[in-house]
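Q: Line order of the protein sequences matches chains A and B.
Residues 1 to 334, numbered by this note's numbering, are exactly what the first sequence covers, in order.
Residues 335 to 1171, numbered by this note's numbering, are exactly what the second sequence covers, in order.
Among these hints, one or two may not hold up.
The calculated lysine-lysine pairs, modelled on DSS-like cross-linking and capped at a C-alpha distance of 25 angstroms, are [stated by the list, open to error]:
id, chain 1, residue 1, chain 2, residue 2
1, A, 43, B, 1032
2, A, 309, B, 1112
3, A, 134, B, 1032
4, A, 309, B, 421
5, B, 421, B, 571
6, A, 142, A, 202
7, A, 296, B, 421
8, B, 1032, A, 145
9, B, 571, A, 309
10, A, 142, B, 1032
Quick caveat, the hints were computed from the structure, so don't treat them as lab data.
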Amino acid sequence: MLRLPSFTYLQPSTLAEAWRMKADAGPDGAFVAGGTDLYPNMKRRQQEPKVVISLMGIPELAGCEMRDAGCVVGPCITLSELSILPSFRRSYPAVAHAAELVSTPLLRNMGTLGGNLCLDTRCNYYDQTYEWRKAIDFCMKKDGKICWVAPSSPRCWAVSSSDVAPVMVAIGAEFRLVGPKGERVMPAGRLYANDGINYLTKHPDEILAEVRLPAPDGWDAVYHKLRRRGSFDFPVLGVAAWIDWDGADIADARIVLGGVASWPQEVAEGGTTLKGTDLSDEAIARAADAAYRPAKPLDNTDFDLSWRKQMTRVYVKTALEELRERRRSTRKPS
Amino acid sequence: MATRRKTAADRPPDRLTAAFRVVGKALRKVDATAKVVGATKFADDVALPRMLYAKLLRSPHPHARILGIDPSRAAALAGVKAVLTGKDLPIPFGILPVSQDEHALAPDKVRFVGDPVAAVAAVSEETASAALDLIHVTYEPLRPVTDATDAVTHPEPRIHDYGDGGNLHKLIDLEFGDVAEGFAAADLVREDLLFFEGSTHLPMEQHAAVADWSPDGKLTLWSSTQTPHYVHRALAKVLELSPAKIRVIATPNGGGFGGKSDPFSHEIVVAKLAMLTGRPVKITLTREEVFYCHRGRHPALMWVKTGVKRDGAITAMHFKSLLDGGGYGSYGVASTYYTGALQTVTYHVPRYKFQGARAFTNKPPCGPKRGHGTPQPRFALEVHLDKIAEQLGMDPAELRLKHLVPPNSLTANWLRIGSMGLGPCIRKVVAGSGWKEKFRKLPHGKGIGLACSSYITGAGLAIYWNPMPHSGVQLKCDRGGGVTVFCGSTEIGQGSDSILAVIVAEVLGVDPFDIAIVTGDTDLTPVDLGSYSSRVTLMTGNAAIQAAERARDIIARHAARKLELPAERLAFAERRVFDVENPARGLSFADAVQLAEAAEGTVGTVGSYTPPASPGRYRGAGVGPSPAYSYSACVAEVDVDPATGIVRVPRIFIAHDVGRSINAATVMGQIEGSVYMGLGEALMEEMAYRGNRNVVHKIPSLLEYKSPTTLEMCDVVTYVVEDPDPNGPFGAKECGQGPLLPVPPAVANAVYDAVGVRIDVVPITPEKVFKALRRKAKGEEPRFGPTAFPDIPWPDPTRVPPPWEGGDGKAVPLTPGASPGLDGARIPGHAPGVRDR
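Working from the sequences, and respecting the hints, build out all of it.
A: What follows is the structure in structure tokens.
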């Protein structure tokens, strides 16, 4: 059978201890939370850390706290916990929904919010065993020199496959990163880079310490996910749509796509085109068209790439229609 | 068959039903509790002292010559106990005598990415894996053949140096009557081209095997195999050991579906490694390696042309198939024949021509997957008939009902039909689904489709020619009232152990849970050919009935003497032997056994079963004959989203003629399981390869090879139809494969009903529906499917007159001056088309 290689497993109980362990291990060290991403990758030798440092025993990385200014979520909360917390579900239904669309119940019981936000980019030339990758002479993301998806490309085109990340970018969440040299807070979108290999701007010794969500005040968001099987597949397309309402009109809007690039792909034109509209059919069609044009799925996930591109328009449209429907139903009583 | 058992035909059906105590009830499987609590020992659970672990080095090239192998660095690694290469196992093997084309380790050439090249036994799996990287193999890559059409156009370089020319493994041309004349007599002649994608079995349990070489020179192999007898033969051949020195134990299979029916490289390798090291050796394949073992559904391109009268009566049919076989023969010759064998057993086809071809390609070998070679042509035929019905303006259910093959008849290709319950099956699903109110009447996006099928209940011939029984049972009655049944059959989760228990319990009047079942062990059990071709219930069942009736006769003789009654008046039930006319007068079963044992010695009997000879006597007549044919009818409901092309199947209605239900619970399970597997093939399963990237399997993992989970599974409404067949035990026919067949065409026909596009390919993925919908919107042909059938150098046809044209089942010589095979066969690029006459 496919076995995990031998490795040393460490369980720090403070951040300082974690950094010390990471410093000792050097490039051979890796942080792990739930392990649902890292361990399968290790079995396939996509990542080969010799020292694996668990973040699950560090109290300040856990929990979920509702504050006036929003909500602060510890990255080590499991996806199951996050999606069933009643107060969280009420205030952040789009985030909770995205979290419960990740994989299967078993994996959500282990997998964490932070793990999903830092999920390794995926590609069906890369998410393969060592022996398989050997048969194509490897790829540039691991052990090789070429990107088989786009052989003339200088970069790796592995796909951002997180369900929660596009929602975080869309709703304007912030991430607090802490490292041995200090901490920084950044808008969610700034954590990501459109490069399949260097897909995170986080330094290797930095730890995602907090996810800060804006107060649920006047805005609404939805997440729609396309995949083969509703039971456990990664997204081949995720559409996170956020709207800041000003009465019946849109003050601001963002559309962020998952599964079509190496990062959560914000479609700026899609958002701008919605501003000032009341989400009419025409406005939705314009936004869907704006999202369709830059979406560039490649042949490295499930489904035919041209169909996936076509679906961008359909899924953006249905996401925006759902937002319009929600607005209408909540405004009816007043 | 010299048996005195009463068959369904001997007694009126109502008494037959009333008489059963155990048969037909919904019973727990005899091995269910152990499986549920995790106590069942599968092959990977076998652990022996000093056991080593084996790993296989597999080819990274789809097609290459091996110029040299240097295993020295691997052999020198600490913990490595032995390294094998092709030269250590030079004798070829293969499941079919005509296709002995595999080696345990490739000696000079590799034929697909994943073909085993070398093996290591080491003290741990990790060490064995590390050693693989130290084996240096020098390859000279050859041009790979990526699919069947590529094989037709590229006869060189050849993948094998045998076959029917170039890269064509097998060519078949059979003609039953003059089809040209049949087409001329038709009111409508229609041609269609369809494609059925390859898929794999996906058993939950990966293949595993453990070998032990005892100090007294005896080899024992535990393996998750469906065919221990054939593995036994292959081991004896390749290892050059006497079969008497080899014991093969088939461990309970965690699913097989046909994927564990061949002798495999890893089984032979662990045996050889155990012999070399003197230590037990285990191998458990990774999921990726299971994809390389494959032997799954052949991708099949199919062309079908049928002539019909205005009332739908078929005047002639011509069917062509081109199968993508992968790198080795496996069961492929049989699979190819199967793509043409069973077209004739559902609706009357008076004249029939079949041309089948199997190509070698540089991919894992295809073989028998549930339905073996018949789901592909059944898909083609049932979609084709749906189109014909529409052109004739007939309800497709009515068209089928009007032209059913009669029971107890012969088909054009000389198959003998016994009981035939397709009519009741169609009526059940039509009534249950509300067909008449829904067909062509549902709103856009909602559809309903119907399809039917038939399947063999056991292949009429063994894999290798021999005149011996196909199944044997030994039975021993214990003084305490227990009964032990020994049979070579293999429990793969389908419930075959329970079938033995139920049947013997029925005959001897004991409780099925009082019966000890010993199966799948070549030292302990008489030969049963294996769990394939839906043969087990019928063949082991008949053998078990014979053994049990012989035991009953012995016991009855002595109980009758004690009770001072004629033996004919005794009944066996409720663990008692008693007077049918005065049930209070009797003995316990245990006491009766003791009387018999005191008088005659150990109460032990045997039973065996050999299928009846087939009336077909032409070359190729060996594939298709069966003691009995099961029948299925299916109605699928679909929801198609016109914006995306996504198809969902909320509900399937399936009726299956099982002849006689032996265990109602397992019959239901097998039917639903078949629907499940058919649904996966209909909607998503696909053995996808990257032809431009070394022909690697695109997605060899449980995550990325898309198969439905329980959440994708539709609701199933099942109707069990019982039309007892005289050849079946208590009338039973198969139910483990047949119900898969109508599902893909029923879904395809329903998609057409929903949105008016024909998807002539499975799987019916959203991309295909979306493309077809776009074509429809543009006013083009509303269809997605293949557009050409390649030009294949068919051989001269074997001409066999059908029974009603004075034939005797044998081929007749070709007429001098005739030009065989011209009818449609040499014209490339048939677009699907229709000719009205």
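Q: State for each hint whether it applies.
A: Now for the hints, and whether the structure bears them out:
1. A:43 with B:1032: holds, 18 angstroms
2. A:309 with B:1112: holds, 20 angstroms
3. A:134 with B:1032: Measuring from Cα to Cα gives roughly 14 angstroms; hence the hint holds.
4. A:309 with B:421: violated, 52 angstroms
5. B:421 with B:571: Between residue 421 (chain B) and residue 571 (chain B) the Cα gap is close to 15 angstroms, so the pair holds against 25 angstroms.
6. A:142 with A:202: OK: residue 142 (chain A) and residue 202 (chain A) at ~19 angstroms, within 25 angstroms.
7. A:296 with B:421: Status violated; Cα separation ~50 angstroms.
8. B:1032 with A:145: Distance ~20 angstroms between residue 1032 (chain B) and residue 145 (chain A) Cα, so the pair holds.
9. B:571 with A:309: violated, 55 angstroms
10. A:142 with B:1032: holds, 18 angstroms
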